[in-house]
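*Asks:* If you want the building blocks of each chain, they are given just below.
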Amino acid sequence: MIAGLFRFKGGIKPETHKNASAGSPIQIAPLPKQLIVPLRQSPRATAECIVVPGQKVLKGERIGLPDSPLSTAVHAPTSGTVVEITPHAMAHASGLQTRCVVIEPDGDERWIDRPTLDYASASPKEALAWLRDHGIVGLGGATFPSHIKAGVDGGIETLILNGAECEPWITCDDRLMRERADGIVAGALILKHLTGAREIVFGVEDNKPQAIEALRTAIHGLSGDITVIPVPSLYPAGGEKQLIRVLTGVEIPHGKLGGDFGVQCFNVGTAYAVNRAINHGEPLVSRVMTVTGNVDKPGNFEVLIGTPVEALLALGQPKPDTGRILMGGPMMGFELPRLDVPATKATNCLIATSPTLFPPPPPEMNCIRCGACAVVCPAELQPFELYWFSRARNFGKAQEYHLFDCIECGCCSYVCPSQIRLVDYYRFAKGEIWAREREKSAADAARERFEFRNERQAREKREKAEKLAAKAAATKAKLAAAPTDAPAAVATDTPAGPDDAKRALIAAALERAKAQKAAVEPKNTDALTPEQAAQVAEADARRAAQAAPDTAADAPESN
Amino acid sequence: MLTSPFVRKPTSVQQVMFTVLVALLPAIALYVWQFGAGIVVNIIIATLSAVGAEAAILKLRKKPVGLYVSDLSAVVTAWLIALTFPTILPAWILILATVLSIVAVKQLYGGLGQNPFNPAMAAYCLMIVAYPSAMSQWPAAGWMDLSTHLQLIGGASLDAVTGATPLDALRTGLRSGTDVDGILAREAFGILGGRGWEWIGLGYVAGGLFLIQRRVITWHLPTAFLAGMVLISGLFWIANPAHYASPLFHLASGGTLLAAFFIVTDPVSGATTPRGKLIFAASIALITYLIRNFGAYPDGIAFAVLLMNLCVPLIDMKTQPRVFGHKGD
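Protein chains in written order, with our numbering: chain A, 1 to 559; chain B, 1001 to 1329.
Hint data in this document are derived by calculation from the structure and do not stem from the laboratory. Among the clues, some could well be false.
Some chain A residues near chain B, calculated using beta-carbon distances under 10 Å [as the list claims (entries may be wrong)]:
| # | residue |
| --- | --- |
| 1 | Arg114 |
| 2 | Pro115 |
| 3 | Thr116 |
| 4 | Glu251 |
| 5 | Ile252 |
| 6 | Glu408 |
Mimicking BS3-like on lysine-lysine, the simulated pairs with C-alpha atoms at most 27 Å apart in a straight line are [said to hold, decoys possible]:
| # | chain 1 | residue 1 | chain 2 | residue 2 |
| --- | --- | --- | --- | --- |
| 7 | A | Lys514 | A | Lys471 |
| 8 | B | Lys1318 | A | Lys430 |
| 9 | A | Lys256 | A | Lys502 |
| 10 | A | Lys430 | B | Lys1062 |
| 11 | A | Lys9 | B | Lys1318 |
| 12 | A | Lys397 | A | Lys430 |
| 13 | A | Lys319 | A | Lys297 |
| 14 | A | Lys502 | A | Lys514 |
| 15 | B | Lys1327 | A | Lys9 |
| 16 | B | Lys1327 | A | Lys13 |
| 17 | A | Lys256 | B | Lys1009 |
| 18 | A | Lys9 | B | Lys1009 |
| 19 | A | Lys430 | B | Lys1059 |
| 20 | A | Lys319 | B | Lys1009 |
| 21 | A | Lys478 | A | Lys514 |
Please read all numbers here as calculations on a predicted model, not as lab measurements. Glycine included, every Cβ here is placed at the ideal spot set by N, Cα and C.
Whole structure, please, built from the sequences with the hints as guidance.
*Replies:* Below you can see the structure in the form of structure tokens.
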């Protein structure tokens, strides 16, 4: 049971603008003409495509197989025909391309068979595989595969359901909690079962009283330790580490996960998707998104994954003076370089901007070290120090001052009276450090490869020489055993060495030649003169002798 | 293309500086009430020289003149110089001090945010070393009419109107063998400190509390400075009350209250970490007290501030707060 709330340091209270869309119930977005489904639905993992152009697919049919531990399955969001499988720009500030399956809907929305899973009797392994195969990822924005988080082996005490939704403008989680609280709670119970958590805590910012009420109604009468806690509305209270801190008092350092501290945190939308997957057999093919900003009809829509952003934006009816389009919230979202990109499982909000709603940033002035940034930093960093170090390219010092603990929440930039775009400096510094580390590890790898190859070549030469020497020794031994006199005596008297080997080989060759000569019918293939045989043997021995002593001083090959 | 965050708080350096100026108004009003409107004349002179100097050097440095002049930081420096300098100082010294603080102490180091030293205090130190007698001519307690003031700052010498500051009086009194109580009974002294100056001090406190409420400054610096002053003066006072003035006298005299809320709180040249701020401000109080009692100058705040400005990088480096999740490190 949560005794009292804790505080995280810092935080800001930007204008929320949530009223624009919070009042509008979730509507089902109409089917777009085409769905562009990226095979990459979570970071570091692209699913393996298992459909071909021209193939008919059903809604919920798998089109991408998870082929790595961090990968999840990808499904056809509706029934229709696969038109092509092609690289397509993804919803990212870079506008980079990723492999996408383009599906033309047939309009029937025909579902594939939807078997459900009795998770209480299923083995944990089975249930986790079920989540993976139903494409369940974190819907809070990071799209981390849920089967990994739910599969943390034991030690989880508290399961936190994140309904804080602290970013301004966004209301999709709010609406989901208001309208589908039962589904969220059902999903939370599944996640509790999978993680083995003792208690469930819903953390919802106190600016969403209706959502809190709906959740409380949904948990009413449930047995077990399950509570809904209103948390103070203070951005970024919905940051995983901040919410865990507020609800449990535990501070999770950079590089550690909640699971290491007995706390696991899922977005309420994820819990809802888990419920749909397990209790209804539906893979994750749609999610709720907010369309808001400079639009006539801001609202929340249940959108199929792969719906082009322009189609989605049109649902809100942007005003004529609409400028840039933001994906995600205004604090941590990004500007879309183009609008033909598909919505993904991470897409929670589209914001149409206008010069009045989002005025262009004023000119940057010098830092006056007022420390306003340090006061609001939820990571308790000294942002202005990081700014000075990043600006001076003093990356070592920036890391020493915990640059990588920065969660890029934007609080510092928000309050800076000198209008310094602080987060940009940290992104720059992080990028530079990563680039340098990549270069360094590339150089390290190249050096290792080179050293390994040198060693291999040396070893091969050594082995060859040893083999030859052994062969020579064997021949010597044979000669010694044979009823000939002088050469064998020499061979046995002196210690074995390259020269001895040579001599032994010459002797052996001569012996063989003699024997051949003595033979009645010499074979054509072996018709070498003794001189020839001796030359061959000598050459072999010379090569072996050269290779053996100076293998280390070998020059690298050009390749 | 822009990057997140796409929204920002409606705030600016100009707004921060404007708030500081507003916070100085109660003290200025009390100054006028106690000593006459001369201070306003000085503030105008200093402001004009500071803004003029700032604009000129920004132009020379090929920086956006309008952007940086309108940030009001030069105006804040000008007001602080006017308030810390003797009011009856010849105007040319005031102008020289202001121009030097803007040009040499601030802009030559890189302008706004780049100066390692507090501009007003650096100007004060320069002037007290260069013109020690002019810098110790303070008006006697009481109202002075504007024409007398104008004559004085025009360079006229009117010995009748000048008097020693409370700290000066205490210093010379103690040297001549009088004990503290005897000195404080004289006419120049009021209830706590110098007559008239106590009221202005209250104005600084009011302005300072306003700045804390508006989150322009944090409580750390004024609290540590005042606490440091009370502690060190209290120790000496308890040991020998006949020879050392009480903590209350030290709080109410000289620039203690002005410094507590408006000088040691300069963010640019001061320490920035919470613990660093405490060390920085308490050290200034300590050094100030030592200079007041054992040094060659009656008030040592300016020197103490400059000395501690030098220590800021070290203090900040050694007092970095623990970051989130690293409490056990």
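*Asks:* Now tell me if each hint is right for this structure.
*Replies:* Each hint tested on the structure:
1. Arg114: With a closest approach of 38 Å, the Arg114 (chain A) hint is violated.
2. Pro115: At about 42 Å, which exceeds the 10 Å cut-off, the nearest Cβ of chain B leaves the hint on Pro115 (chain A) violated.
3. Thr116: violated (40 Å)
4. Glu251: Holds, about 5 Å.
5. Ile252: holds (6 Å)
6. Glu408: OK, holds: Glu408 (chain A) within 10 Å of chain B, min 8 Å.
7. A:Lys514 - A:Lys471: At roughly 20 Å apart (the allowed maximum being 27 Å), Lys471 (chain A) and Lys514 (chain A) satisfy the hint.
8. B:Lys1318 - A:Lys430: holds (24 Å)
9. A:Lys256 - A:Lys502: violated (65 Å)
10. A:Lys430 - B:Lys1062: Roughly 32 Å between the alpha carbons, so the hint for Lys430 (chain A) and Lys1062 (chain B) is violated.
11. A:Lys9 - B:Lys1318: Answer holds: Lys9 (chain A) to Lys1318 (chain B) is near 21 Å, not above 27 Å.
12. A:Lys397 - A:Lys430: Holds, at about 12 Å.
13. A:Lys319 - A:Lys297: Answer holds: Lys319 (chain A) to Lys297 (chain A) is near 10 Å, not above 27 Å.
14. A:Lys502 - A:Lys514: holds (18 Å)
15. B:Lys1327 - A:Lys9: holds (13 Å)
16. B:Lys1327 - A:Lys13: Distance of about 26 Å is within 27 Å: holds.
17. A:Lys256 - B:Lys1009: violated (32 Å)
18. A:Lys9 - B:Lys1009: OK: Lys9 (chain A) and Lys1009 (chain B) at ~19 Å, within 27 Å.
19. A:Lys430 - B:Lys1059: violated (36 Å)
20. A:Lys319 - B:Lys1009: holds (25 Å)
21. A:Lys478 - A:Lys514: Since the Cα atoms of Lys478 (chain A) and Lys514 (chain A) sit roughly 16 Å apart, the hinted pair holds (cutoff 27 Å).
Checked against the numbered hints above, the structure breaks hints 1, 2, 3, 9, 10, 17 and 19 and satisfies the rest.
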